[in-house]
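Quick note, the sequences are listed as chains A and B, same order.
Anchor point for the first sequence: position 117 equals 117 in the numbering used here, and the numbering is continuous, going up by one each time.
Anchor point for the second sequence: position 175 equals 175 in the numbering used here, and the numbering is continuous, going up by one each time.
Please keep in mind that the hints were generated in silico from the structure rather than gathered at the bench.
For glycine and all other residues, C-beta sits at the position ideal for the given N, C-alpha and C.
Don't take each hint at face value.
[Stated by the list, open to error] Sample of chain A residues with no beta-carbon within 10 angstroms of chain B, all distances over it, derived: (1) GLU184; (2) PRO191; (3) PRO196; (4) ALA320; (5) ALA351.
[What the hints assert, rightly or not] Which residues of chain A face chain B? A few of them, derived with a C-beta cut under 7 angstroms, are: (6) ALA238; (7) ILE240; (8) PRO272.
[What the hints assert, rightly or not] Computed far set for chain A versus chain B, every beta-carbon distance over 10 angstroms: (9) TRP83; (10) LEU112; (11) GLU136; (12) GLY139; (13) ALA340; (14) ALA341.
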Amino acid sequence: MKRRTLLGALGAAPLLPLLAAGARAGEDAANSTIAAAFGRLPAPADIRRVFVGGAPASALLAVLAPEKLLGWPWNVSAEARAWLPPAVRELPQVGRLAGRGSTMSNETLLQLQPDLILDVGTVDATYISAMQRVAEQTGLPCVLVHGQLADHPAQLREVGRLLGVAARGERLAAWAEKTIALSERVRAAVPPEKRPRVYYARGAGGLETGLAGSINMETIDFAGGRNVAAEAGRGGIAKISLEQVLAWNPEVIVTQDRELARRVLDDPLWRPLEAVRARRVYLAPTRPFGWLDVPPSVNRLIGVRWLLTLLHPGRADDAASLRAATADFYRLFYGVEPGAAALDALLGGNA
Amino acid sequence: MSASALRPAAAWLAASAALAAVLVAAFAVGKFPVAPGDLLRSLAGRLLGAGSGLPAAVDTVVWNIRLPRVAAGIVVGAVLAAAGAAYQGMFRNPLVSPDILGVSAGAGLGATLGIYLGLPLAFVQGVAFVGGLLAVAVVWRIASLVQRHDPVLVLVLAGVALGALLGAGISLVKIISDPYTQLPTITFWLLGGLNQVRPSDLAATAPAMLAGLLPMALLRWRINLLSLADEEAAALGVDVGRLRLVLVAAATLSTAAAVSLAGIVGWIGLVVPHVARLLVGPDFSRLLPASLLLGAGFLVATDTLARIVAPIELPLGILTAVVGAPFFLWLLARVGRTS
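Produce the entire structure from the sequences given, and follow the hints as far as they go.
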């Protein structure tokens, strides 16, 4: 937390007054996950329609206050919608805003008549200034929230209070804290050099992965896996070669792509890998959102729990308690009650 | 002494030796450590039919990763350079590259759409190949409808216009694609690279690439005549329109296959023919083999750099420009001073 605050401050040096203004929006300025806020915030009871800037923010709103979500910032598949709270299943796609390339004009935004614009993500100075422009041009209040995995408990609490659903925020935050505490216990028991070496296969051919410090790799970091790509340096998503994967020789491969998980196990080119020979190639569930990332959202909380079970058998859940925790997570966060068949499909990669 | 005054035999020998050295280096280095002795043992083991006795990973690296990759580098580099050389002569323009008629833009839109629709990689390649062919076919058709102007100029203008349209299509797909998964894949594809090449990919695209080279090789004498004005060439007994069609079809076939395999790799089709011309002169019967040789060597060399200079893979499109442009400028300055 400290390092990020420092980096953020350096990157945003010309915008320090803005940051200070944003920090005041949270109650505890030093630990607030609210990175910036612009415009006059309505009273919680008056916030009925919230426009979310991107996919992580839409996931946050869907679990906290689904009835306030105006629409989806990206195309949510029919299969994913079945796992969402009934209030948001039929919502249309309305476009996304700032930060990752806007597909939304300010005029359309005004037409939607939101009471608040909310976005979640890795916040930098460009992002903050883009949001400020939107707030100035539209006159709508904007709030930017940090979205790393460790932020989830505080984020759920603070945004919950902001939207007038403090009790719900508190319940979800407690679940998040429990999961993070479990992951901390496992990591405390297993020194870094004893943790399994994990490769996260992304992209159609599985030769894209996240470098050290990438937000896409947080689930693996939290679940006590060693990202093999960390030795290639820090950064975001990078392209690599199969030869490099063979040189890293991971013990475990994780992916969110069903086709890829099947191919990796069958492909003679991947066969020399320890992970493939031991059949430790795991397909992460993606309903309604990715358990590892895509988008990096609150869904990673159950992803951490799932991956802890796979990476550290005997130290975290067993199959039965993971299943119970999964049902609990969907009940609490999404308000859906997955039946036995649905749970089988979800955990078996067939949802 | 000007570069083109080098004795031909010595020049060919030097170029071939340079290519051989590049190939050896390309095989010897990479992210997976393979000792020179193991490399030889793996090669000998497979060639002699006996097992190498090495860990499976070493044989996989040598035979299934480096071999197809180096082979793809050779063919793609050779094809792009040859197509560039043919086009520069045919369009009588030194700034022309193989994608002037929209083949890269068409293939790019095809691949981008394929990624957007979540198709498997083999299908993405297929859609890219078809997209490249279609784009040039449309350009040719439009140009053939215009009768009263210089046909070469009309062809180039139609290519540029359609290229811009297809480029807009690519941008549109990028905007609507998933920023977390599809956008990085699209970006990497558009910058080119050989990191995904597998033996089956090479087997699927090499026939088209080589088939496109064949007419260029067979017609190498007549291609020289295309650099004359159309009337003069016709007076020498060449059916200019037909020859041009055959060449465009051949160059498009091989370039579309190359782009579908390697993504958009710039600079080779533009720069390598110039380098070849500086070395062997403008006669296409010598320019073609020189371009093939230099294109293959240059792409294998840059791809080897792409594999080793950074901990991650660098996109080929970036490296060909970073390596190719300064080299070209240096060569330009050197030849200008000494001749």
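The hints, checked one at a time:
Listed as outside the interface, GLU184/A is consistent with that label: its C-beta sits roughly 27 angstroms from the nearest C-beta of chain B, beyond the 10 angstroms cut-off. Here PRO191/A stays apart from chain B, with its beta-carbon at least about 25 angstroms from theirs, past the 10 angstroms limit. With a closest Cβ-Cβ approach of about 19 angstroms to chain B, PRO196/A is found to remain outside the 10 angstroms limit, as its non-interface label requires. The beta carbon of ALA320/A sits about 32 angstroms from the closest Cβ of chain B, which is more than 10 angstroms, so the claim that it is off the interface holds.
Every CB of chain B is more than 10 angstroms from the CB of ALA351/A (nearest about 17 angstroms), matching its label as outside the interface. Restraint check, ALA238/A versus chain B: the minimum CB separation of about 4 angstroms is within 7 angstroms; hint holds. Taking 7 angstroms as the C-beta contact cut-off toward chain B, the hint placing ILE240/A at the interface holds, the least distance being around 5 angstroms. Of the supplied interface hints, the one on PRO272/A holds, with its beta-carbon coming within about 4 angstroms of a beta-carbon of chain B, less than 7 angstroms.
At roughly 18 angstroms, the least C-beta separation between TRP83/A and chain B is larger than 10 angstroms, which holds for a residue marked as non-interface. The Cβ of LEU112/A lies farther than 10 angstroms from every Cβ of chain B, with a closest approach of about 19 angstroms, so its non-interface assignment holds. Its beta-carbon lying about 24 angstroms from the closest one in chain B, GLU136/A satisfies the requirement of being farther than 10 angstroms from that chain. No beta-carbon of chain B comes within 10 angstroms of the beta-carbon of GLY139/A; the shortest separation is about 26 angstroms.
With a least CB separation of 30 angstroms from chain B, ALA340/A remains clear of the 10 angstroms interface cut-off, as annotated. In this structure ALA341/A is separated from chain B by more than 10 angstroms, as the shortest Cβ-Cβ distance comes to about 26 angstroms.
This entry satisfies every hint, going by the numbered hints stated previously.
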